[in-house]
Amino acid sequence: MNIIFILIGISLLVAVTFLGAFLWAVRSGQYEDDYTPSVRVLFDDEE
Amino acid sequence: MPTTATAIHTHVACTHCGDECPDEPLLFAEQPFCCQGCQAVYELLNANNLCTYYRLDERPGQKVREVELPSRFDYLDQESVQAQLLAFRSDTLAKLTLTIPQMHCASCIWLLENLHKLNPGVSESRVNFLRKELTVSYLPSQTSLKDVVKLLAAVGYEPQITLAELGAQSHHGNRTLYYKLGLAGFCFGNVMLLAFPDYLSFIEQLQAEFGRFFGYLSLVLALPVLLVSARGFYESAWQGLKQRYINLDFPISLGLTALFLTSLFDILTQRGPGYLDSFTGLVFFMLIGKWVQQRTYEALRFDRDFTSYFPVAVTLLTTEGEKSVSVKELQVGNRILVRNQEVIPADAILMRGTGQIDYSFVSGESVPVAKLTGEVVYAGGRQVGEAVELEVVREVSQGYLTQLWNNPAFQKAEKQTLETYANKVGRYFVAVTLVLALSSILYWYPKDTHMAMRAFTSVLVIACPCALSLATPFAMGAALRVFGRRKFYLKNSAVVETLGRADTIVFDKTGTLTDTHRSEVRYVGLPLQPAEMQLIAALAQQSTHPLSQRLAKELGNGEVVKGEILGEGTEEGNLLKENSPFTTSQVHHFTELPGQGLSGVVAGREVKVGSAAFVCAKPKAQQGPEHSADTRQSRVYVAVDGENLGCFVFYNVYREHMQKVLQTLGKRYHLAMLSGDNNTEQERLRGLFGPKAELRFWQSPQDKLDYVAALRQQGRTVIMVGDGLNDAGALQQADAGIALTDTLSNFSPACDAILDASSFGQFATFLRFSQNCLQVVLATFILSFGYNGIGLGLAVQGKFTPIVSAILMPISSLSVMLFATLLVRFTAYRNKL
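The listed protein sequences correspond, in order, to chains A and B.
Residue numbers for the first sequence follow my numbering, so the first one is 1 and each next one is one higher.
Residue numbers for the second sequence follow my numbering, so the first one is 1 and each next one is one higher.
Be aware that a few hints might be false.
Stated by the list, open to error - A few chain B residues that face chain A, going by a derived Cβ cut-off under 7 angstroms, partial list only:
| no. | residue |
| --- | --- |
| 1 | Trp110 |
| 2 | Arg175 |
| 3 | Trp444 |
Simulated from the structure, these hints should not be mistaken for lab results.
Backbone N, C-alpha and C define an ideal beta-carbon position, used for all residues, glycine too.
Required output: the full structure, derived from the provided sequences and hints.
Laid out in structure tokens, this is it:
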């Protein structure tokens, strides 16, 4: 059953990657404004 | 012209702003416009292929109101101002964030993000819609800050650049909550997975083999939650303790500590898996509550800084000539120049020119006060008319207004801004919990020491009032959103509580109960010929004075002379715009004596419009109906070719729905009305307010403040409704100060809530809804106590196992969130909000 240790280790690693991605997203300001982008995306056709 | 003739009776909406056009709309590219300003914006956008603006949203424009003062933005060229405003600056790029309160729809976002098409020097512009901010990057080599701001003003989005902004602080502090939330979520998920073997006790073999490993791993995962995510609760509890005050975070911290220590002990001594999944879960749910709270606040964030009202730069007169300096640099003895429509930045002595100071911000008196050379003028007044030269006698920070604001009487008695209710309940909660925990120890100790410890910690754990802490943010957050949709903006959720508890409502009269924009105009005097009306309208159009504008509009609509010349008049109106001899350029020798009146020669006839003294040297007694000191009305006299014709009387009109609102409120509240005016309208107001209400006249801002303070001394909870300008002190003094305003961009620093004038009719419903919201919070408290009761029942018996905790805790948190939100929504629905 030693495989459990490895599996848990891997699963934690994956989870930590996602946590890192989330922290990076916050850091890069993606959570500063969650309304404007939803409108902005509609403009591209209007150029 | 048949097309326009039909248009007259079918309310043409302006292509730009959507306002109703006057009877003879300006036409450009076959589109109707209500005014030159709107047309100018359209022309500019049209020339740059930006008319998509008008397709994205229905009538997105803002009426362009301001009179363009060419030198208004000159201060932006100043080095010190730029240094403070610009966030980043190099030779090739400059970047700054501007607040633009006018933005309100998708079209606004689109236009503002396409600024580079209007000014190639702008490299990028990004909107943060929720904060109403625009971040602009531009190339200093091609354009300047002044040009960018001028462009924004030209398209109707003049940024709000104020002193407050000059001492700018960015708001990036709230990212920490996201970090904490993410971390807690991550740890909670993983700890829960590791705790699964416990939940499913049939995998006993697995548990025996890996229990220890899982335990230690959970401990490692729970540590960052304790140290980072839960830190805020400990800090808040500690802050409270230092001030000898037990807030809701204290029992939360106590419970969290008990949870963690018990788990630590259990895991290290191999007794069991501990409660770490409950621990991380609780922190996660409570952080979600905090996040909801923060988002609601952010959406409602408004500028409370009084410095917003002051001009940023003033024109300093030096020996070398005029110089624009920042207000902060102003010193006693400086000579300054204040132009038409500019605010006086500091107390000063009038040195040259005729002052016509509009003190409506300070005293509520909208009629300008004449000041002669040598007299003192106070900060906060607005000069109307010619430019005046002033000598500063007191520095800005010591000015009258600032004093008024810094007056200790104006500071609210350290108002508990957060969930006063919850904190109060929380205190009793702690007492009950501690008593229960101690008695369970006393009960168990003689029988079973281990059980005693277990019961003790379980009580502390289950007593953690996390559901309680979630109830208020969710209920109040939902309530604030309901209010926000109805254009009633509250500073924070504590205001809902205050509104719900209030028993007295004090109204200000001027600008609050009366609607200055809808004043009724009547004409008294010799009958006016249509041609004469056009003469007067043409002259009045030249002036920016509110009464002149109003008069020009009324005459244009032909409303004053009740339809009798409507057809003919509008026909002439069309002529007026196109080929009549009375186009604006045909007004010769136009002079405007500020505060007195206008005169000019229109189509060869001399026209005078203005005060009685100005129009006719000796006003005849029979000119008006009677010469009363009725301040309810303002009069504008007219004369053509030296012959006095009569006067236009502007009556004050009360707001729509006022009677209904006052009637409803009168049944449940003690009402009072304060007015800075005289008591000519006492009868009418008495009828509206009912016999019990207190009506006070001749009230100065200080009187209003004192009155509200006296009411509060009697133990009443007072709501003050004012326009937020002349009664700022009283608004601040009241338990809840509500500013009633027609333009939402006019924030008042003192108020707790802003009510859009169009929603005034629902004011009584708002108050009832606030009361209902309090009931919802109480109901949610009862629900959460129910959970706590069940938990406590198990805890004192020592039956509170990790699995019970893992089920009960999340269920209680989630159901409280749901219950609070749904119940508030339902209440709103029932109140038809």
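Right, here's what the structure says about each hint:
no., hint, in the structure
1, Trp110, "5 angstroms, holds"
2, Arg175, "6 angstroms, holds"
3, Trp444, "38 angstroms, violated"
Comparing the model with each earlier hint shows a violation of hint 3 alone; every other hint is respected.
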